[in-house]
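**Q** The residues making up each chain are set out below.
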Amino acid sequence: MLTQAIFAALGGLAVICALGVVLVRNTVHGALLLGLCLAAVGGLFALLGADFLFAAQILIYVSAIAILFLFVVLLAGRRAELSEEPFNKSALAAAVASGLILIVLLGTIAQSKDALKALADSNLFKPTTGDIGQAILTTHALGMEILGVVLLVSLMGATLLTKGLSDKEKIKP
Amino acid sequence: MNPTAYIGVSAVLFAIGVFGAIARRNVITVLMSIELMFNAANINLVAVNRLMYTASSMGQVIALFSITIAAAEAVVGLALVLAIYKKFDTVFVENFNLLKG
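Protein sequence lines, in the order shown, are assigned to chains A and B. Using the numbering used here, the letters of the first sequence correspond one by one to residues 1 to 173. Using the numbering used here, the letters of the second sequence correspond one by one to residues 1 to 101.
The hints are simulated quantities; they were obtained by calculation from the structure and are not laboratory data. Possibly wrong hints are sitting among the right ones.
Pairs of lysine-lysine, BS3-like flavour, derived with a Cα cap of 30 Å [said to hold, decoys possible]:
id : chain 1 : residue 1 : chain 2 : residue 2
1  : A       : Lys126    : A       : Lys113
2  : A       : Lys89     : B       : Lys100
3  : A       : Lys163    : B       : Lys86
4  : B       : Lys86     : A       : Lys113
5  : B       : Lys100    : B       : Lys86
6  : A       : Lys163    : B       : Lys100
7  : A       : Lys163    : B       : Lys87
8  : B       : Lys100    : B       : Lys87
9  : B       : Lys87     : A       : Lys117
Not everything, but these chain A residues come out facing chain B in the computed CB check (under 7 Å) [unchecked claim]:
id : residue
10 : Met1
11 : Leu19
12 : Val21
13 : Asn26
14 : Gly35
15 : Val41
16 : Leu68
17 : Ile109
18 : Gln111
19 : Phe125
20 : Ile146
21 : Val149
22 : Val150
23 : Leu152
24 : Met156
25 : Ala158
Bear in mind the structure is a predicted one, so any value in this text is a computation, not a measurement. Think of the CB as a built atom: it goes at the ideal place given N, C-alpha and C, for glycine as much as any other residue.
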């Protein structure tokens, strides 16, 4: 009963904040709402007993990615944009398309209700940090090494991309 | 608890992300919507792993990899946004028409 209540609160918070991210006009508010939404998703991970992923979600998503978005919003924006239309011409088509996607997904979930049964007691907490550590150092060691290279390359790429431009490279719209 | 509820929340988050990625003009919000879709996938992985395949935690390992990839994607995406902003002086996607014929 308590689990259901916490799930409803966290799930509702995540969905409302996600709606806020795509609907609010001010991108600063959008970035803050994104942080709240990611924190709510982290809460869902904690509710599922994924202790390590909860910590990773808070450390990586809420405190790194959301703050990075906030920085970029503050660097690459100006006041005049607040009075402009936030949606493009295809907003209605996008709403219809995402609504159709949602209907198909929820219909599929409703149809496979019998297959989607909880086989385990979700109230029984079993820490998974040890399992994950074991897996990424043994069976998934190659994947983890490749991820390390990907992170290094993305760091170098980001540094290269944000390096300053000279004046003659600038293009005015 | 039933995994259906978690998968339902994830489906709703994914649809919201799709809408934001298509409909918004601001490129930073488009990137944020992509992060929402990443999170929807992660909820799915963790919920199905935890509630239906308790014996292993491979779903959580894959979710961890996906979080890492999302971090790298966000870093490169935001660096691109900053570079484009410096060049074009705008964050609206319809003005990024360098490759337009």
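**Q** Holds or violated: is there a CB of chain B closer than 7 Å to the CB of Leu68(A)?
**A** holds, 6 Å
**Q** Would the stated hint for Ile146(A) survive a check requiring a Cβ distance to chain B of less than 7 Å?
**A** violated, 9 Å
**Q** Is the shortest C-beta separation between Met156(A) and chain B less than 7 Å?
**A** For Met156(A), the interface hint is violated, since the closest Cβ of chain B sits about 10 Å away, which is over 7 Å.
**Q** Please verify that hint: Gly35(A), Cβ, nearest Cβ of chain B, below 7 Å or not.
**A** violated, 10 Å
**Q** Within a Cα-Cα threshold of 30 Å, do Lys86(B) and Lys113(A) meet the stated pairing?
**A** violated, 50 Å
**Q** Taking only the CA atoms, is the gap from Lys89(A) to Lys100(B) under or equal to 30 Å?
**A** Within the cut-off at roughly 18 Å; holds.
**Q** Is Lys163(A) within 30 Å of Lys87(B), Cα to Cα?
**A** holds, 12 Å
**Q** Should the interface hint for Met1(A) be scored as holding, given a Cβ-Cβ cut-off of 7 Å against chain B?
**A** Cβ of Met1(A) sits 11 Å from chain B, so the hint is violated.
**Q** Between Lys126(A) and Lys113(A), is the straight-line Cα distance small enough, at 30 Å or below?
**A** holds, 26 Å
**Q** Does the CB of Ile109(A) sit less than 7 Å away from some CB of chain B?
**A** holds, 5 Å
**Q** Please verify that hint: Leu19(A), Cβ, nearest Cβ of chain B, below 7 Å or not.
**A** Check passed: Cβ of Leu19(A) comes within 6 Å of chain B, closer than 7 Å.
**Q** Is the interface hint for Asn26(A) satisfied, with its Cβ closer than 7 Å to some Cβ of chain B?
**A** violated, 10 Å
In the structure shown, a violation is registered for the earlier hints numbered 4, 9, 10, 13, 14, 18, 19, 20, 21, 23, 24, in ascending order.
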